[in-house]
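Enquirer: Sequence:
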Amino acid sequence: MTASSAPAPAEPTVLADGDLDLEALTDFECSEVSDGRWAAEGRVTNTSGRSARFVVMALVSGQEAATATGLREKVRTLAPGDSAGFSLQPLPAAGSENLTCQVQVVRRS
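Going by the working numbering, the first residue of the sequence shown is number 917, and it counts up by one from there.
You may find that some hints are simply not true.
[To be verified] Straight-line alpha carbon distances no greater than 16 angstroms define the calculated EDC-like cross-link-like pairs of lysine to aspartate or glutamate that follow:
no. : residue 1 : residue 2
1   : 990       : 937
2   : 990       : 933
3   : 990       : 957
4   : 990       : 935
Note that these hints are calculated values from the structure, not bench results.
Just need the whole structure built from these sequences, with the hints factored in.
Expert: Below is the structure:
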């Protein structure tokens, strides 16, 4: 089975224990900064009603890539309403065509 004919997963694969919380992500940018190296930056805001830890994960992959390696950053514990910035770089790119940057934010209580 080729990568282009592989069925799409019904739900995203979670790379860390916790709850997906993409609403916590703001000011997100992911772009190529030099030959084959990418950077992802942004902010995470705790929109829940109690303190929580966050993990941000990003990877860059092309359609022809069967696997990809990403980076993750643990964001310190945030009180309700607090935010913190993150920077993931250099992100290695898997593949060379039609590259996209994917991000997940996981909230841990």
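Enquirer: For each hint, tell me whether it holds in the structure or not.
Expert: Okay, the hints, checked on the actual structure:
1. 990 with 937: Holds - the C-alpha atoms of residue 937 and residue 990 are around 14 angstroms apart, at most 16 angstroms.
2. 990 with 933: holds, 12 angstroms
3. 990 with 957: holds, 13 angstroms
4. 990 with 935: The hint holds at about 14 angstroms.
No hint from the list above goes unmet by this structure.
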